[in-house]
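The lines below spell out each chain.
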Amino acid sequence: MKIESVVIFGYNEFAKEIARQVRYEYARLVVYSLEPAYVEEAQTEGFEAHLTDLDDHWSELESYNLAKTRIICALEDEAENVFLIISLRDRFPDAIIVALATTQENASKLTLAGANKVIAELQTISNLIIELLERPVVSKLLDEIMNTTHNLRVAQVTLHEHSCAVGKRLNEVVKFNDHNIILLAVVDYQMSESFIFTAKGYNHLLDPGDVLVVIGYDKDIKAFEDEIGGTCESNRSHWGR
Amino acid sequence: MRLLSKIIIDTAYALESSSRYRKIKRYFYNLLENVSFKPKRYFDLFMMVMILSSVMILIRDVKMHQNDFLAVFNDYIISIIFLIEYSLRFWVSSNSADILITQYEKDELLQRDFRLGRALFKVFYAKWQYVSSIPAIIDLLAIMPFFHELRLLRLFIIFRVFKLFRYTQNMHHFATILASKKFELLTLFTFAGLMIFVASVMIYVMEALNPDSPINTLFDALYWSIVTISTVGYGDVTPVTYEGRTVAIIVIISGVAVLAFATSIVVSAFTEKLDDIRDVKLIQDIQKLKHFYLICGYSAVTRQTASKLRHLGRNVVILDKNENNVRDARTHHHLALALDPSSLESYKILNIDLEKHVSAIILLGEADIQNVYTTLTVRSMQQNVRILSILHDKKNRRKLEISGVNDVIYAQELIGQLSREYSGHPIAFEALHALRTENKDVKMDEILIDERMARMIKTVKDLSIRGRQIVLLGVESRRENRFIFNPEGDFKLEEGDMMVVIAENSMLHEYRVSLHK
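Those protein sequence lines, which keep their order, are chains A and P.
Take 1 as the starting number for the first sequence in my numbering and just add one per residue.
Take 1001 as the starting number for the second sequence in my numbering and just add one per residue.
The following block holds chain A by itself, in its conformation from the complex (with noise of 0.2 Å):
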């Protein structure tokens, strides 16, 4: 599944950066925002931005195909981000939305709304400075991961039917896997949502369906994913542009 559209709501600060962050990864990226001071800045900015409010008029967004769509909702006005998560949420109970909020509080709210994923900035900002403080090495190594700049990345590897580690347990796959990636985690839809880390359960048995997450260079992701057979969900062959 290739993610092809975004939609943001909103264009304030955090929304104009996940723009820049994102603007060459996805094949299209929309800008709604509820003031046309904002969706001109947008324009200028050379984003497709349209003026939206907040009643159900959601015809456009059923172009899309919702199931290839992120939307990310970043409005200034922490009541109308809620709001129009609820709308949204409504009206297309199978879309992913990523909602931005201040604080603890309204991130809970916004989960409560619907969202899928909420990044609380305060959260974020306060477990970045004690990350740099505390762990060094640790914040700078998930930095280098996050950064599109390093080749150092994190990849998510469905296995599919006929993929040669089906039937294996974590550990052997760790044992015989001589590439230079290492293997985080899985998650089984069939036992639960939860995260099996590699640190942890190193018996599990690997069904089809079964996710893995590794971490390694781009080159080194890309032979892991053909010799045990997944699909990998991220894409990055547009970057570096």
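Because the hints were derived from the structure by calculation, they are not lab data.
Don't be surprised by glycine CBs; every beta carbon is placed ideally from N, CA and C.
Check the hints yourself; a few may be wrong.
Here are some chain P residues the structure puts well away from chain A; computed CB gaps all over 12 Å [stated by the list, open to error]:
id : residue
1  : Gly1193
2  : Leu1418
3  : Ile1457
Straight-line Cα separation of at most 27 Å, BS3-like style, residue types lysine-lysine; simulated pairs [stated by the list, open to error]:
id : chain 1 : residue 1 : chain 2 : residue 2
4  : P       : Lys1492   : A       : Lys140
5  : P       : Lys1492   : P       : Lys1023
6  : A       : Lys219    : P       : Lys1492
On the chain A side, residues computed to face chain P include the following (Cβ under 8 Å) [as the list claims (entries may be wrong)]:
id : residue
7  : Val6
8  : Val98
9  : Thr103
10 : Leu128
11 : Glu131
12 : Glu134
13 : Met146
14 : Leu152
15 : Val173
16 : Ile182
17 : Val211
With chain A's structure known, arrange chain P on it following the hints.
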């Protein structure tokens, strides 16, 4: 005369240039006067024990006089200890050598003869100022040994008790508070003294001639008026005539006024000074901390960060110039001070060694300008302390970096990255970030290869990761100054390298222990 002044000046120079002499003097100064000097606390405690035992011995002596070891201990040993203390205080109170040299050099500069008399006068004057200060007088009186023949001299025990004030900080605060209300207290005492005087005279005039009255002398009258005006009213001495009772009514009514006045002065002094005292106490507490994070600027991010750091067992001190913010921080039980983080004065008040005690300074000011300014203030004092700063506007990043910030935190970019990562591969993202949070049972952590480990462990193979449920993500190599992802078995490790591992909490703990064996 000339020879004498030459000898004196030579001695002064010798003393001033002797680092040993200065070091010893410095040590005793700290021991006696410097509150943040640790041994002072033990010294104070010792002196307090001495004073209290001296009082105990005296109490034991009241009913039956004993001439045993304890009496000798009280009369001589304690007194000698006090005498030594007094001489040390006398010694460190001023720097005589410096005064002499200053005078000498001044005379040299003006090309006139060195005036020894004038210099010595200055030296003695400095010492006299110390000797005539109230604490010094109390000290001196407390030294007096107790002659058993003179019962009155036993009153001097009271000075030993007064000496206690020296060794307890709270008493010192109390004294400064009262000192701040000098004028009001003086007015009160004048008024009360006048009232007592008038009342004593009047009651004496009215009652002294009456044979039924218990007031016969002027001392009786004074005793009665003090007991009455203070609203204590023992009732052992009472006026019997109508005239005397009229005086009593007046004295009682004005007594209430005096008492109310006195109470209000003390209370208002306390309420006015309470914040100052709390700040002083707070600064002392901060100075005692060995390591702490200094956060400048109080905001929602500060609140989050400080609570989390506290949760990890770290000490956090918050500086903000806004009183309301500081009050808010204190309600969240943080160590907060209303000081402007961008002024040098604040750091002078704090009086801490930034490099030694501050693990990092975190700038969370509301504006970039403020953070740049604070950085420059800190950098003007200290080059090495680590500074983290939040960045509000992208275009100011360079300015923060130039001013000397080690790590710039730009929230917008970070959140942009997070959103991008999440849209691209949500599962991988969640897995990675689950490792970042503290309360999961599996976590990502750092292990430093210290000197002890470096002796046993030469390559990655020696870490014996295989067979354990630990994932070695990579090594931050000091030699190559970069992060090596998933190193080979024969990769050379050395002291100072940092490993990043993922493991279950208890496993991680066990592994750390095994590495040190």
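Hints and how they fare:
1. Residue-level check passed: P:Gly1193 sits 62 Å from the nearest beta carbon of chain A, beyond 12 Å.
2. Distance check for P:Leu1418 against chain A: the nearest CB is about 5 Å away, which does not clear 12 Å, and the non-interface claim fails.
3. At roughly 17 Å from the closest C-beta of chain A, the C-beta of P:Ile1457 stays outside 12 Å, upholding its exclusion from the interface.
4. For the proposed pair P:Lys1492 and A:Lys140, the alpha carbon gap of about 21 Å is at most 27 Å, so the pair holds.
5. For the given pair, P:Lys1492 sits about 47 Å from P:Lys1023 by alpha-carbon distance, which is inconsistent with the 27 Å threshold.
6. Proposed proximity of A:Lys219 and P:Lys1492 is supported: the alpha carbons are some 25 Å apart, at most 27 Å.
7. Look at A:Val6: its Cβ gets to within about 6 Å of chain P, closer than 8 Å, so that hint holds up.
8. For A:Val98, the suggested interface contact is upheld, since its CB lies about 6 Å from the closest CB of chain P, less than 8 Å.
9. Nearest Cβ of chain P to the Cβ of A:Thr103: about 7 Å, under the 8 Å cut. The hint holds.
10. Nearest Cβ of chain P to the Cβ of A:Leu128: about 6 Å, under the 8 Å cut. The hint holds.
11. A distance limit of 8 Å between C-beta atoms decides the matter here; for A:Glu131 the minimum to chain P is near 7 Å, and the interface restraint holds.
12. Interface hint status for A:Glu134: upheld, as the beta-carbon distance to the closest one in chain P is roughly 7 Å, under 8 Å.
13. The restraint placing A:Met146 at the interface with chain P holds, with a minimum CB-CB distance near 5 Å, inside the 8 Å limit.
14. At its closest, the beta carbon of A:Leu152 sits 6 Å from a beta carbon of chain P; the interface hint therefore holds under the 8 Å criterion.
15. About 13 Å separates the beta-carbon of A:Val173 from the nearest beta-carbon of chain P, more than 8 Å, and the hint is not met.
16. With 8 Å as the threshold, the beta carbon of A:Ile182 comes within range of chain P, its nearest partner Cβ sitting at about 6 Å, so the hint holds.
17. Hint status for A:Val211 relative to chain P: holds, with the closest Cβ pair at about 5 Å, below 8 Å.
In summary, the numbered hints that this structure violates are 2, 5, 15.
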